[in-house]
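A.B. asks: Got chain A; can you put chain B on it based on the hints?
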Amino acid sequence: MMSLSVSQYTKALYQVSENKSPKEIDFIINNFLKILQKNRQMKLVEKIIAEFSLLFNKKNKIIEAEIISRDKLTIETQKKIEEFLIKKYEIDKVITKNVISQKIKGGIIIKTQNEMIDFSVANQLLKLKRALIK
Amino acid sequence: MDKDYIVEQLKQQLENFEATTQTEKIGVVVEVGDGVAKLSGLTEAMSSEMLEFPDGIIGVVLNLEDGQIGAMILGNYENIKEGDVVKSTGKILSIPVGEAMMGRVINPLGQIIDGKGEVETEKFYPLEKIAPGVITRQSVDQPVQTGIKAIDAMIPIGRGQRELIIGDRQTGKTAIAIDTIINQKSQNMKCIYVAIGQKESKIARIVAELEKKGAMDYTTIVVAGASDPAAFSFIAPYAGCALGEYFMDQGQDVLIIYDDLSKHAWAYRQISLILKRPPGREAYPGDVFYLHSRLLERSARLDKTFGGGSMTALPIIETQGGDVSAYIPTNVISITDGQIYLESDLFYKGIRPALNVGLSVSRVGSAAQTKAMKKVAGKLRLDLAQFRELEAFAQFGSDLDKSTRNQIERGRRTVEVLKQSQYSPMSMKDQVTILYALTNGFMDDVAVEDLKKWEDDFHQYFKSTASEVLELIDKRKELSEEIVEKLEKAIKEFKEVYQSN
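Which chain is which? The protein sequence lines are A and B, in order.
Following this note's numbering, the numbering of the first sequence begins with 1 at its first residue and continues without gaps.
Following this note's numbering, the numbering of the second sequence begins with 1 at its first residue and continues without gaps.
Hints were generated in silico from the structure; no laboratory data involved.
Source: prediction; values computed, not measured.
Warning: the hint list may mix true and false statements.
Some chain A residues close to chain B (C-beta under 7 Å, calculated; not the full set) [claimed, not checked]:
hint, residue
1, Ser5
2, Phe27
3, Val94
4, Thr96
5, Asn98
6, Glu115
7, Met116
8, Lys127
9, Leu128
10, Ala131
Every residue, glycine too, gets a C-beta built ideally from N, C-alpha and C.
Chain A on its own, in the form it takes in the complex (with noise of 0.2 Å):
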């Protein structure tokens, strides 16, 4: 028998846990493992774990994102910009998480699954350099 690819354990995870109470998921839950430990394929474990949440965020309309910064962000400024993302990608409900890093000089990286928009003061220097050196 052809072997299961990770994407396709996923898919049918979502699709039999999809609108289930909490007690059933539970059972699900058991059986799926199950079917894994048979089939020999207990290290998909955890890439199945990462690319469901990927698939439910996306049934889910919700984003993960990462605001880069040199200095923490005041909650409002964190506020506005989980605005600006549901409005850009057209979401319901984004899950920010701000992780501060001194290497960006200043301004701020918005980092999402495959997409960034980087308003780092290091991006616009480094551009800079590029057009000055042209």
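C.D. replies: Okay, now just chain B, sitting in the frame of chain A:
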């Protein structure tokens, strides 16, 4: 030096500078090694799209897999680490092209590496492009003069043809290619020499030689050195081809040399194996035939309505121990329109260029030969074929009848005349005169050992005393009765003068 001027300039530059920010597609490096990176993220990435790694290093998407992307890195990959952010550029891999590239040494990304300053080009051409179709093509009918007697006479190459140069190491493959480039001076031809996995010292020597002969004015050299990553060797021929296509689209004639495609296949094998593509025969991936066929098919002679340009390709293949039936040599032999086969045995015998006339062919044939050359070359092939048949008997010495002996003697002289030293290409008119003298028996009374000197004096005499005949041949490109008469007269006169001295 004016301080205010510099400050003013800087200010102006800064004023025009605008830092725009937009949403960029990104991915993350999951795995990196041996010039190949596995990336996650980067949804909507295209095949052979350019990627930007940190520090501005360029990568190219090769594999699109389930949730993962395999990309080769064009540049120094030592500083790339797991978790690095990779940006997509939305552009297919392409190189800058233009007239300004002539006379320069570039790398496969189109960056100048000869240290003579940047060039300005307007256009970009994609590295991968589908070859011209049937309707846009025309049959090959104009010759490429290589300046090598044996090739121009017996294995004629036409503009738009693909002629393989094949042979073991140290048999003079590159020498033929370089001689051909040198001979293109004032022949209205743009030359591109693509060095794939070559030693940098060899490339430097070639550049110096071309400069000395004034051939760099119409030549571009694309270099993927032996120390560059395999990805460079892999894309180098396509980069050279893209540059050639630009000139071809301008209606110009282009000569492109791929030196050599066996190293190209090795580089591709390396990348494919690291990307975990399944290996096939000799561990090459399944599409190694297509690798070369799609490259060589881009050489063409375009129809008048499409500009009438042409691109002639001289791919080079290095065989191991004379084995032409290995995988890559057979592939490329079947793709090209003929091959020039060089043998190390002949090379050591002192027959240089070490051409095996029996195994070398040109499938386009005499369509791409001037009438004058056609006339003298027909006899030449016959003479040589008969000589080869009788050569074995010659060992036994004198027990042969006169006509056989004559044939052997003629054959020896033919072999001798076809010898030609490196970097001394010969023009068509000179070739026709000497070959006419040879095939019509004017040399039969000259000793084989003295033939070299005799030939030199012969050309010298024609240049100084009988230049009228040479001009006639050059202009009419045929041997009409009138010209033959004049030619014979000149040859006879030369012999008289020569003998009396």
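A.B. asks: Which numbered conditions among the earlier hints are violated in the structure presented, ordered from lowest to highest?
C.D. replies: 2, 3, 4, 5
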